[in-house]
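Enquirer: If you want the numbering used here, it's the position in the sequence shown, counting the first as 1, plus 511.
What the hints contain is simulated information worked out from the structure, not anything from laboratory work.
The structure presented is a predicted model; accordingly, all values stated were derived computationally and were not measured.
Wrong hints could be hidden among the right ones.
What the hints assert, rightly or not - Derived CB-CB ranges, DEER-like:
{"#": "1", "residue 1": "547", "residue 2": "593", "range": "33 to 39 Å"}
{"#": "2", "residue 1": "563", "residue 2": "531", "range": "45 to 51 Å"}
{"#": "3", "residue 1": "554", "residue 2": "595", "range": "42 to 48 Å"}
{"#": "4", "residue 1": "535", "residue 2": "557", "range": "34 to 40 Å"}
{"#": "5", "residue 1": "527", "residue 2": "592", "range": "38 to 44 Å"}
{"#": "6", "residue 1": "547", "residue 2": "586", "range": "25 to 31 Å"}
{"#": "7", "residue 1": "562", "residue 2": "595", "range": "38 to 44 Å"}
{"#": "8", "residue 1": "580", "residue 2": "546", "range": "19 to 25 Å"}
{"#": "9", "residue 1": "594", "residue 2": "562", "range": "37 to 43 Å"}
Just so it is clear, CB atoms sit at the ideal spot from N, CA and C, and this is done for glycine as well.
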Amino acid sequence: MEEGNEKQSEKKSMISTKQKIGLIISVLLVIGLIAFVFQNSNKIKIEFFMLEFRIRIIYIILVSMLTGALGMYTFSKYRKSRKQRK
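Please model the complete structure; the sequences and the hints are all you need to start from.
Expert: So, in C-alpha cells, the structure goes:
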C-alpha cells in the first residue's frame, strides 16, 4: 500500500517534457528582456511640440508598443462591428 502512494507522489512531482521546455523558454525570455532593458536604458532628449523631455529609450519603446497594440485592438473591434451590421 505504501509503495503505491510513493509511486503516485513521484509521478506528481516529476516535471513533464512540455513543462521543462516551457520553463527553459520562459527563462530565456526573461534573460533576453533583462538584456534588452539594460541595452536601452540610456536617456535621450525628446522634443514634443514646445515641451522637452529626457527619458529612457525603453520607455519610448514600451509606450510605442502599447499604443500600437491599443490601435490594433480598436481597429479590430471596429471591423468586427462593421461586419455585424452587414
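Enquirer: Are the hints correct? Go through all of them and say.
Expert: Hint check:
1. 547 <-> 593: 33 to 39 Å: 37 Å, holds
2. 563 <-> 531: 45 to 51 Å: Between residue 563 and residue 531, where Cβ atoms are some 50 Å apart, the hint holds.
3. 554 <-> 595: 42 to 48 Å: 47 Å, holds
4. 535 <-> 557: 34 to 40 Å: 38 Å, holds
5. 527 <-> 592: 38 to 44 Å: Holds: the Cβ-Cβ distance is about 42 Å, inside 38 to 44 Å.
6. 547 <-> 586: 25 to 31 Å: At roughly 27 Å between Cβ atoms, residue 586 and residue 547 fall inside 25 to 31 Å, so the hint holds.
7. 562 <-> 595: 38 to 44 Å: Given range 38 to 44 Å: holds, Cβ gap about 41 Å.
8. 580 <-> 546: 19 to 25 Å: 22 Å, holds
9. 594 <-> 562: 37 to 43 Å: 41 Å, holds
In this structure, none of the earlier numbered hints is contradicted; all agree with it.
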